[in-house]
Structure formats: structure tokens, C-alpha cells
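Novice: All chains should be built: construct the whole structure from the sequences, respecting the hints.
Quick note on numbering: our numbering labels position 254 of the sequence shown as 281, and the sequence is numbered without any gaps.
Hints are computed from structural coordinates only; laboratory data are not their basis.
Any given hint could turn out to be false.
25 Å max Cα-Cα, derived DSS-like pairs, lysine-lysine [said to hold, decoys possible]:
#, residue 1, residue 2
1, K123, K134
2, K81, K56
3, K81, K135
4, K134, K70
5, K362, K197
6, K81, K242
7, K291, K123
8, K123, K106
9, K69, K56
10, K242, K69
11, K106, K69
For each label pair, taking beta carbons as the anchor points, the in silico distance ranges come out as [unchecked claim]:
#, residue 1, residue 2, range
12, G83, L214, 47 to 57 Å
13, D80, E200, 22 to 32 Å
14, R54, L214, 48 to 58 Å
Note that the Cβ used here is the ideal one computed from N, Cα and C, for glycine as well.
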Amino acid sequence: MFMTISVSDTGSNTEENIERAVRALGRSKPRLAVFEAVYFHKKRTKTVQEIADKTGLDRKIVLTHGKYLVESGLAEQTKAKDDTAYRTLSFYQHHKQRILRLVADPKKLEKLPTKRRPELSKPTSFVRATKVRKSSSKAPKKMLRVAYLVTNPQPAATLNTLQEAKQVTKAIEASSFASKIELRPFLAPSFDDLIDALNRFKPHMVHFSGHGGDKTLLFDNENIGETGGTVLDFDTVAELLDAVDFKPRGLILMACDTVEGADKFLETTDFVIAMADSIDDDAASEFSVRFYKSISSGVALETAVKQGKLSIKSKGYTDSDLPTLISSTGSVRTKPLVS
28 MFMTISVSDT GSNTEENIER AVRALGRSKP RLAVFEAVYF HKKRTKTVQE
78 IADKTGLDRK IVLTHGKYLV ESGLAEQTKA KDDTAYRTLS FYQHHKQRIL
128 RLVADPKKLE KLPTKRRPEL SKPTSFVRAT KVRKSSSKAP KKMLRVAYLV
178 TNPQPAATLN TLQEAKQVTK AIEASSFASK IELRPFLAPS FDDLIDALNR
228 FKPHMVHFSG HGGDKTLLFD NENIGETGGT VLDFDTVAEL LDAVDFKPRG
278 LILMACDTVE GADKFLETTD FVIAMADSID DDAASEFSVR FYKSISSGVA
328 LETAVKQGKL SIKSKGYTDS DLPTLISSTG SVRTKPLVS
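Specialist: The following block contains the structure:
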């Protein structure tokens with residue numbers, strides 16, 4: 028029987044869990060339809076009747092394949108509206124699109140780098156990408172440049188983004204590797220400003236601090252005095268990250284509801300840190316300050332994320348489970364960004 032790795036271990040076994048999910052779904056169209064219906068949109072719990080209505084499948088078929096998903100560790104069974112229901116698991120919600128792509132093209136599954144296939148993970152993942160970046164970068168070795176985008180085009184929804192940037196800068200300046208990190212704030216950036224920042228500053232990491240949701244980010248307007256901002260979808264931002272000579276290694280989306288669809292950015296970057304739901308402004312600042320303190324102390328990426336989440340929790344906020352690290356390979360998580 029297929030069994031998923033425990034939630035506490037999914038970070039270090041991302042590829043293994045994805046492979047197990049793909050193999051569990053197999054070529055069964057009804058099973059795949061039930062899986063897609065369970066993980067459709069943001070609503071975490073779907074009843075059997077809701078799934079039957081969406082897929083057009085008979086209730087008995089939905090129950091059969093729903094039971095299989097639960098036994099395979101791909102969903103949780105619960106009750107809702109006096110009906111059997113299935114609840115999503117955050118790991119598979121985050122990696123849903125990647126799983127579905129591999130189900131559609133199972134040949135790619137054999138190239139998925141896992142701990143059981145270490146000889147494949149080198150040529151297909153980070154080694155080749157590192158060579159490309161090395162040839163395109165003229166920066167000193169082990170230097171980390173961060174483009175810190177501070178946006179807030181909606182006066183009615185004020186964020187403390189500028190104050191957050193100041194606190195992060197102070198945290199880095201007091202760190203062990205302050206000389207190896209250059210953080211440059213970009214205030215009220217428009218999309219055109221982001222293009223200029225990528226071309227001129229050539230950041231290794233792009234940090235977006237502002238508003239988001241529904242696979243979009245809110246940038247500032249081109250003209251002074253205009254409010255409301257410019258909404259850009261993830262596809263457009265991803266295309267831009269791929270349309271520069273020096274491609275950033277990482278992207279941090281410190282904005283509400285940015286996890287869904289964030290795996291799109293892994294086509295260009297090594298990792299993304301995004302929020303699984305709406306996050307409190309102060310909680311977001313707590314995470315950012317602690318994350319950069321940790322990064323600039325030489326700890327591994329995943330460790331810095333965990334410490335940032337603990338900082339949120341220690342201050343009494345309930346948002347500590349929202350920051351989510353998504354990476355192209357497991358090895359990205361275990362390495363420091365500066366040393």
C-alpha cells in the first residue's frame with residue numbers, strides 16, 4: 028500500500044512524495060478526476076456530492092476513489108453537510124500542478140531526482156543550472172544581492188513595508204556575513220522598475236513585500252498620485268524572470284495568498300517562499316527580519332525559514348504555518364545562501 032511520508036518530513040523528501048503521488052494516481056481517469064476535484068480552488072474540504080456534481084461521476088465511484096486517496100495519504104476523510112467529505116493536505120495542494128504534469132507525462136517521472144536516484148539529480152537539476160549562472164554573473168563569489176521591492180499602492184490597506192525593509196537592513200548589518208550581502212530597497216516599484224532592477228542590479232534573490240492573492244501581485248502605478256496599483260499575474264512575472272540575462276535564484280513573496288500557483292516560478296528559480304493564506308502585517312515583518320538574520324548568519328535556507336516561522340509563533344501570532352518554502356530540488360534547502 029502506498030504511504031506518504033509524515034508532514035514533518037515532507038520538506039526533505041519533496042521529490043519522493045511527489046513520485047509516490049504520481050504513481051498512486053496512475054492512469055485511472057476517475058481517480059485523477061476525484062483528486063483534481065478535491066484539490067480544486069482554495070476550499071479545503073469537498074463533500075462526496077460536491078465532487079460527484081463537479082466530475083459527473085456516480086457517488087459510489089467517488090467514494091471508492093476517495094477511499095483510495097485517503098489510504099494512499101493524498102487526502103484526509105472527514106464529515107461536512109451530513110456527508111462524507113475529503114480534506115486537502117497542504118503539501119499536495121502546493122505541488123498539485125507539478126504532480127498533474129507528471130501524471131500527464133510519466134516519462135518525466137524517471138528523470139525526477141530523488142534520494143534513490145542521486146545519479147540523475149546532478150545532471151538534471153542544480154549542477155547544470157549553477158554553471159549557467161556562473162558564466163552570466165560577474166559578481167564576487169559567495170556574494171548575495173537581494174532586490175527588496177517595497178510596494179503599497181492602496182492607501183486604504185496600509186502595510187508597514189518600508190519599516191520592515193529598514194529592520195531587515197539593520198539585521199543584516201549586525202550579522203556575521205554582512206559584507207557578503209547587499210540588500211537594495213526599491214520603493215513603490217512599478218513593473219517597469221522591476222525590469223530595470225533585474226537588468227542593472229542583477230539580484231540573486233527578489234523579495235516582494237506588498238499585496239497579493241489569486242496568483243497575482245500588486246505593483247505600484249507608473250504615474251505619481253495614482254492609487255490602486257497595477258495587478259500582474261504570476262505568468263507575467265514568471266516570464267519576466269525568464270527574460271533577463273541574470274536569473275534570480277530565489278523569490279520571496281511576502282504577500283497574502285501567494286502559495287497557490289507559485290510553483291510556476293520554479294521553471295526559472297531554485298526556490299520560492301510564499302504565504303499559504305492571508306498573513307498579518309506584523310507577523311510578516313517578524314518572519315522577514317528573523318529570516319534575513321538567519322540567512323546572514325550562514326544557516327541553511329530551510330533552517331532560516333523554520334526560524335522565521337518560530338519567530339512568528341513566539342510573538343503570539345497564529346500565522347506561523349503560512350510561510351511556505353517550495354524548491355526545485357531538496358539540496359537547495361540544505362545549503363546556506365552565504366558562507
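Novice: State for each hint whether it applies.
Specialist: Verification of the supplied hints:
Of the supplied pair hints, the one linking K123 and K134 holds, its CA atoms being roughly 18 Å apart against a limit of 25 Å. For the proposed pair K81 and K56, the alpha carbon gap of about 14 Å is at most 25 Å, so the pair holds. About 29 Å separates the Cα atoms of K81 and K135, which puts this hinted pair outside 25 Å; it is violated. For the hint linking K134 to K70, the alpha-carbon distance of about 32 Å lies beyond 25 Å, and the restraint is violated.
A distance of roughly 24 Å separates the Cα atoms of K362 and K197; the hinted pair therefore holds under the 25 Å criterion. Between K81 and K242, the direct Cα distance comes to roughly 23 Å. Compliance with the 25 Å bound is thereby established for this hinted pair. With a C-alpha separation of about 11 Å, the suggested pair K291 and K123 falls inside the 25 Å cut-off, and the hint holds. For the hint linking K123 to K106, the alpha-carbon distance of about 23 Å falls within 25 Å, and the restraint holds.
Between the alpha carbons of K69 and K56 the distance comes to roughly 22 Å, so the proposed pair stays at or under 25 Å and holds. In summary, the hint linking K242 to K69 is supported, as the alpha carbons are separated by about 12 Å, within the 25 Å threshold. This hinted pair checks out: K106 and K69 have alpha carbons roughly 18 Å apart, not beyond 25 Å. Between G83 and L214, the C-beta spacing of about 51 Å keeps the proposed range 47 to 57 Å intact.
In this structure the supplied range 22 to 32 Å is violated for D80 paired with E200, their Cβ-Cβ distance being about 57 Å. The hint said 48 to 58 Å for the Cβ distance between R54 and L214, and at roughly 52 Å that hint holds.
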